[in-house]
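Student: These are the residues of each chain, in order.
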Amino acid sequence: DQQVKQNSPSLSVQEGRISILNCDYTNSMFDYFLWYKKYPAEGPTFLISISSIKDKNEDGRFTVFLNKSAKHLSLHIVPSQPGDSAVYFCAANGGSQGNLIFGKGTKLSVKP
Amino acid sequence: GAGVSQTPSNKVTEKGKYVELRCDPISGHTALYWYRQSLGQGPEFLIYFQGTGAADDSGLPNDRFFAVRPEGSVSTLKIQRTERGDSAVYLCASSLNPSGAGYNEQFFGPGTRLTVL
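Line by line, the protein sequences give chains A and B.
For the first sequence, the positions run 1 to 112 when the numbering used here is used.
For the second sequence, the positions run 1 to 117 when the numbering used here is used.
Errors might be hidden in some of the hints.
[What the hints assert, rightly or not] Derived pair list, reagent style SDA-like, types lysine to any residue, alpha-carbon separation capped at 25 Å:
no.	chain 1	residue 1	chain 2	residue 2
1	A	Lys107	B	Gln41
2	B	Lys15	B	Leu39
3	A	Lys56	A	Lys71
4	A	Lys5	B	Asp57
5	A	Lys5	B	Asp56
6	A	Lys104	B	Ser87
7	B	Lys11	A	Lys5
8	A	Lys107	B	Glu105
9	A	Lys104	B	Asp86
10	A	Lys104	B	Val89
11	A	Lys5	B	Gly53
12	A	Lys5	B	Lys15
13	A	Lys104	B	Leu60
14	A	Lys54	B	Asn97
15	A	Lys68	B	Glu44
[As the list claims (entries may be wrong)] Computed list of chain A residues with no C-beta within reach of chain B, every gap over 12 Å:
no.	residue
16	Glu42
17	Glu58
18	Arg61
19	Phe62
20	Ser69
21	Val78
22	Pro79
23	Ser85
Simulated from the structure, these hints should not be mistaken for laboratory data.
Where is the CB? At the ideal position from N, CA and C, for every residue including glycine.
Pulled out of the complex, with its shape left as it was, chain A reads as follows (with noise of 0.2 Å):
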């Protein structure tokens, strides 16, 4: 039973263009969400993160919008790059210990 939900194993988009990579979760209690991001061979590497207080976040290109009635969050891209190809992880801190929960990821390729 997946408490974080990512329904979009891919995404392709052109460069220039805005990506925005959806994600879901179950539990209300969460009270972080992060997105990392994850090369080939590589460990994931973090991104951008949002308190569940807030329902916004912006660092340069990347904007992370958290709507908490409707348990969904979502990661703007803009403008995407081909560098930005990548599989996107969303993530809750949820555990008591601060275990990280992660979606299965979406898949980006962002064409030249």
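Using the hints provided, position chain B relative to the given structure of chain A.
Tutor: Chain B alone, transformed into the frame defined by chain A:
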């Protein structure tokens, strides 16, 4: 420096054998996590250390899996009597978070790809 390192990067073993996977966290990080990532899945939590003690081992799938962190730095994940279903990438992460709760940016190593034949 710096980052989290894991050895070996790849491990191929036969069913029934014993394996050890090593994780070197970022210096000064008191919290250490092990995750397992199977094909097509996100990382799944296995065990969490705060210092030398295992604060939460609720993610370990069964008693064939065990992990230690004797000096509060390097950790070893041990798998006995390996099975084909244990094949996955084993990821280690560390963080500065002293309590584990709340905001917790974790820094991941590159993982060990375990293949059980």
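Student: Against the earlier hints, flag every one the structure doesn't satisfy and list their numbers going up.
Tutor: 7, 11, 12 and 16
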